[in-house]
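Number of protein chains: 2
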Amino acid sequence: MAQQGPAFSLAIDAMGGDAAPEAVLDGLELAAERHPDARFLLVGDEALVAGALARRKRAARACSLRHAPDRISGDMKPTAALRIRGSSMRVAIDAVAAGEAAGVVSAGNTGALMALAKIVIKTMPEIDRPALAAIGPSARGDVVLLDLGANVQCDARNLVEFAVMGDAFARAVLGLTNPTIGLLNVGSEELKGDDRVRHAAETLRDSHIGQNFRGFVEGHDITAGTTDVIVTDGFTGNVALKTGEGALKLMRDLLRQVFTSSVPARMGYLLARPALDRLREWMDPRRYNGAILIGLNGVVVKSHGGTDALGFAHAVDVAMDMVTHGFNERIREGLTRLSTSGPRVPAEPR
Amino acid sequence: MAQQGPAFSLAIDAMGGDAAPEAVLDGLELAAERHPDARFLLVGDEALVAGALARRKRAARACSLRHAPDRISGDMKPTAALRIRGSSMRVAIDAVAAGEAAGVVSAGNTGALMALAKIVIKTMPEIDRPALAAIGPSARGDVVLLDLGANVQCDARNLVEFAVMGDAFARAVLGLTNPTIGLLNVGSEELKGDDRVRHAAETLRDSHIGQNFRGFVEGHDITAGTTDVIVTDGFTGNVALKTGEGALKLMRDLLRQVFTSSVPARMGYLLARPALDRLREWMDPRRYNGAILIGLNGVVVKSHGGTDALGFAHAVDVAMDMVTHGFNERIREGLTRLSTSGPRVPAEPR
Numbered sequence: 001m002a003q004q005g006p007a008f009s010l011a012i013d014a015m016g017g018d019a020a021p022e023a024v025l026d027g028l029e030l031a032a033e034r035h036p037d038a039r040f041l042l043v044g045d046e047a048l049v050a051g052a053l054a055r056r057k058r059a060a061r062a063c064s065l066r067h068a069p070d071r072i073s074g075d076m077k078p079t080a081a082l083r084i085r086g087s088s089m090r091v092a093i094d095a096v097a098a099g100e101a102a103g104v105v106s107a108g109n110t111g112a113l114m115a116l117a118k119i120v121i122k123t124m125p126e127i128d129r130p131a132l133a134a135i136g137p138s139a140r141g142d143v144v145l146l147d148l149g150a151n152v153q154c155d156a157r158n159l160v161e162f163a164v165m166g167d168a169f170a171r172a173v174l175g176l177t178n179p180t181i182g183l184l185n186v187g188s189e190e191l192k193g194d195d196r197v198r199h200a201a202e203t204l205r206d207s208h209i210g211q212n213f214r215g216f217v218e219g220h221d222i223t224a225g226t227t228d229v230i231v232t233d234g235f236t237g238n239v240a241l242k243t244g245e246g247a248l249k250l251m252r253d254l255l256r257q258v259f260t261s262s263v264p265a266r267m268g269y270l271l272a273r274p275a276l277d278r279l280r281e282w283m284d285p286r287r288y289n290g291a292i293l294i295g296l297n298g299v300v301v302k303s304h305g306g307t308d309a310l311g312f313a314h315a316v317d318v319a320m321d322m323v324t325h326g327f328n329e330r331i332r333e334g335l336t337r338l339s340t341s342g343p344r345v346p347a348e349p350r
Numbered sequence: 001m002a003q004q005g006p007a008f009s010l011a012i013d014a015m016g017g018d019a020a021p022e023a024v025l026d027g028l029e030l031a032a033e034r035h036p037d038a039r040f041l042l043v044g045d046e047a048l049v050a051g052a053l054a055r056r057k058r059a060a061r062a063c064s065l066r067h068a069p070d071r072i073s074g075d076m077k078p079t080a081a082l083r084i085r086g087s088s089m090r091v092a093i094d095a096v097a098a099g100e101a102a103g104v105v106s107a108g109n110t111g112a113l114m115a116l117a118k119i120v121i122k123t124m125p126e127i128d129r130p131a132l133a134a135i136g137p138s139a140r141g142d143v144v145l146l147d148l149g150a151n152v153q154c155d156a157r158n159l160v161e162f163a164v165m166g167d168a169f170a171r172a173v174l175g176l177t178n179p180t181i182g183l184l185n186v187g188s189e190e191l192k193g194d195d196r197v198r199h200a201a202e203t204l205r206d207s208h209i210g211q212n213f214r215g216f217v218e219g220h221d222i223t224a225g226t227t228d229v230i231v232t233d234g235f236t237g238n239v240a241l242k243t244g245e246g247a248l249k250l251m252r253d254l255l256r257q258v259f260t261s262s263v264p265a266r267m268g269y270l271l272a273r274p275a276l277d278r279l280r281e282w283m284d285p286r287r288y289n290g291a292i293l294i295g296l297n298g299v300v301v302k303s304h305g306g307t308d309a310l311g312f313a314h315a316v317d318v319a320m321d322m323v324t325h326g327f328n329e330r331i332r333e334g335l336t337r338l339s340t341s342g343p344r345v346p347a348e349p350r
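Line order of the protein sequences matches chains V and B. Those letters in the first sequence? Residues 1 to 350, by full-length UniProt numbering. Those letters in the second sequence? Residues 1 to 350, by full-length UniProt numbering.
Treat the hints with caution; some may be incorrect.
As the list claims (entries may be wrong) - If the Cβ cut is set under 7 Å, some of the chain B residues that face chain V in the computed set are:
(1) A139
(2) V152
(3) Q153
(4) A156
(5) I222
(6) T223
(7) A240
(8) K242
(9) V258
(10) V263
(11) A265
(12) A275
(13) L276
(14) L335
(15) L338
As the list claims (entries may be wrong) - Think about it this way: if two alpha-carbon atoms lie no more than 27 Å apart in a straight line, the pair counts; the simulated DSS-like pairs of lysine-lysine are:
(16) B/K249 to V/K192
(17) V/K192 to B/K118
(18) B/K118 to V/K249
(19) V/K249 to B/K192
(20) V/K77 to B/K192
Said to hold, decoys possible - Taking beta-carbon pairs under 10 Å as the criterion, some of the chain V residues facing chain B (in silico):
(21) G111
(22) M114
(23) A115
(24) I119
(25) S138
(26) G187
(27) A224
(28) G237
(29) V239
(30) D253
(31) Y269
Keep in mind the hints are simulated off the structure, nothing from the lab. A quick note: this is a predicted structure, and the numbers were derived from the prediction, not measured. All residues carry an ideal CB built from backbone N, CA and C; glycine is no exception.
Next comes chain V alone, as it looks inside the complex:
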């Protein structure tokens, strides 16, 4: 929705991900249908992208193509990626920094995207460190989990900031008016865990989001949906996300074996299929594609590198929600209230 602000809703890295640019362009074809007013700045190698873009009618109408000669590979170190000024990822990020686009979506190298975004788009002045967030399925609806690995070591202040950012995220992307927040710990009692989580909990209880803060939650609360937002450090969050995904994958694989193990089991599958298909659709990892680097002066969404058109379109949906609902303004507002209300965040040397 190009208002009086940036000319483009989003800059799109056409060359990121395993099946780029084809999967990206197919994703944009879907996204252009879902967001008819959106304008995309598509960045990539013109020779490789222009023809493919012309073949997608809706995407072609919604996109302006900008040439970028280079490409950041999946195994490139962030320090190396920073030196390549002509990469599609870099040129797309530059467009956000220059105010041409409100946000960027890339399915490329995660480490490179985080490093480039931090250096080029820059962290909000109110924020110590950005965090990586994502949405996952739970028994009671979608749940926001952060940090997922942007910060392997965090102090109490970082955790408090993640809670404020998670709150803004749940409002903007899940559309919740009063998202509840939990802090991940090894038990729900107040005395559990280390000083870091206990300090963070104390600060959050006294803050402007204190009434929605539900204290400590445990690993099983993520899929139980005990709270709408679950806050943790990047090491634990990364492990929790991948462990949960792994457990669901194990179940899917075992169910596939069950339903092909005998003729009656196959028939049983066919009978239960409509309901099983609805379940599969609801749990579809593509529906949860799009990890968001929050705390920057722009919207930055990382699509899974191995996803297809549907997954990429969903990552674009997430970015559009954030752009449309003034996500960064909400974060800023939350942080301002945090610094004017309640006691100070305990200062801890890093």
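Following the hints, position chain B against chain V.
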């Protein structure tokens, strides 16, 4: 198997857990059948236990009853539990410390069991801190995960010791001759994570278990079964275990909804039922009941407080495996080799 050693294979806390002593006694009735040579020292309030024991023929033959007037409740703080000398848990642990029993099984308060065991049975002299370990399901068989919460903060040395203990555990309980070991991290590349995991990895590579050390693994590797043993700190391990359990529970609940959502789905369930039942049996949390506090001068197994007879019998199986296969001797041997082989403190991170 009462050899020339302790008179009792295991001391059993009759009063621990939600359904004690009934579930414990039913579990012992099963265990006595599975381990006909085992002798159990059953500890609990005589007035409550004696009659119930007499009604279980096999258990009655395998058990000697010892009176303990008190009981540690589920919500009692460890410091309070330490002061009660006459609790069933304490008297059972005392029997291990006195050399009367080779190990103890309790379904009672986890924090109290850990605190009492550490103080009464004591940590092995070679070990800095004991760890809590458990077995879980994976696509390639059972996998050992530790630490699960005994130590919320760990250094590199603790992680290395956990690896040695996990190696011994996998040999004794899973019967593996060359268990592979992975160190949980946010990525599999050597440079990922913090100093702590990188130092631990370096030490492990140069140690006597270096040839079985597969380096860093990620959350999804737990259920993928990438390695037989997965080592992490107690905070991350606790969250990972509960997140994985939560994800599996979500899937079970959703499948129940699927199979009751329509008449054809119900029929489908009936047709696929034998295969689904096998899957359910294989994934049954009771089959994985029994977390083990390892690194002490005796075998200490914590059964889930809410489990039934089958679950408690499985916790007894785990303890019997450890007693029978000289688990603690294996750990001692491993630690001795660790201190005589490779460097203990890494010189510099790579």
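Quick check: which numbered hints come out false for this structure? 4, 10, 14, 15, 18, 22, 23 and 24
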